[in-house]
Amino acid sequence: MIIKIFIWVFLFLILSTGFRTYPGVQGWDIDNSSTTNSKLFFVYTNGARVVTNDVDSDHSLYGTSTVTVEQMMQAIFSDYNSIQSAYLTLVSSSDGDFASRGTDRTITLVDGNPGGVQAGVARFTTNSNHQINECAVTLGESVYDSSKTFLGVVGHEIGHCLGLDHPQDTVYALMSYYRAGIYQLDIDDKIGIVNLYPVNSSDVQEVQTLGLSCTRKN
25 MIIKIFIWVF
35 LFLILSTGFR
45 TYPGVQGWDI
55 DNSSTTNSKL
65 FFVYTNGARV
75 VTNDVDSDHS
85 LYGTSTVTVE
95 QMMQAIFSDY
105 NSIQSAYLTL
115 VSSSDGDFAS
125 RGTDRTITLV
135 DGNPGGVQAG
145 VARFTTNSNH
155 QINECAVTLG
165 ESVYDSSKTF
175 LGVVGHEIGH
185 CLGLDHPQDT
195 VYALMSYYRA
205 GIYQLDIDDK
215 IGIVNLYPVN
225 SSDVQEVQTL
235 GLSCTRKN
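Using the numbering used here, read the sequence shown as starting at 25 and increasing by one per residue.
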């Protein structure tokens, strides 16, 4: 009996972790043929707003009492852009390619009422190919309480805009429902991004076997 319980607990732990993407959603219509073609653009108008800085000493923004929204957005971009094996490139609308390539590749951040008790909410639309072609993130005033709060909420909502759903893990990933203290991408978040935007598509062509093993497709 004890052995059976152990086996079921083991299986539960395996099957209840990992990233999740939205069923039927293919991510954005970008590719890794060039840096320009891998870009998604962000529009926000309050980059100069100042927020109390409370990040830990291992974060790139550590060392000052306050930071701006622009600094925090650049830190979020860097977190996503540095994912190995993913070709995703996040930039602001000040990027030189925005005027010519921003159509169907733009994520907008606006202040407003996200609804309920949420600090932020992301809503995206898809085209006929099930690719995301627009996303808007509505942020409540509470996201500006501190840099940790902003980084956590905005980083999480951007993940939704990119195609990541809430994972099975409810605590330890940035995309988790309850992520107190989490304000940077976790390994599961990063693997999810690689799955959606892989430099080498063969890296993610696997047969699902309930988490017990993976077999490459031929």
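Worth flagging that the hints you see were computed from the coordinates, not collected in a lab. Some clues are possibly wrong.
DEER-style ranges, computed between Cβ atoms [to be verified]: (1) T149 <-> T69: 33 to 41 Å; (2) T149 <-> S116: 36 to 44 Å; (3) G87 <-> S225: 15 to 23 Å; (4) T90 <-> T149: 16 to 24 Å; (5) S225 <-> G139: 34 to 42 Å; (6) V74 <-> N153: 19 to 27 Å; (7) G126 <-> V74: 38 to 46 Å; (8) A204 <-> N153: 21 to 29 Å; (9) S84 <-> Q192: 27 to 35 Å; (10) Q50 <-> T90: 18 to 26 Å.
Remember, predicted model here, so these are calculated numbers, not experimental data. Backbone N, C-alpha and C define an ideal beta-carbon position, used for all residues, glycine too.
Here's how the hints hold up against the structure:
Between T149 and T69 the CB atoms are about 21 Å apart, so this pair departs from the stated range of 33 to 41 Å. Against the hinted window of 36 to 44 Å, the Cβ-Cβ separation of T149 and S116 comes to about 21 Å, which falls outside the hint. Taking 15 to 23 Å as the suggested C-beta distance range, the pair G87 and S225 does not conform, at roughly 40 Å. Taken as a hint, the range 16 to 24 Å is violated for the pair T90 and T149, whose Cβ atoms sit roughly 36 Å apart.
Separation of S225 from G139 is about 37 Å and conforms to the stated range, judged on CB atoms against 34 to 42 Å. One distance hint, 19 to 27 Å for the beta-carbon pair V74 and N153, is violated here, with the actual separation near 41 Å. A C-beta distance of roughly 27 Å is found between G126 and V74, which places it outside the suggested range of 38 to 46 Å. At about 37 Å, the beta-carbon gap between A204 and N153 misses the expected band of 21 to 29 Å.
About 29 Å separates the C-beta atoms of S84 and Q192, a value consistent with the hinted range of 27 to 35 Å. Separation of Q50 from T90 is about 40 Å and departs from the stated range, judged on CB atoms against 18 to 26 Å.
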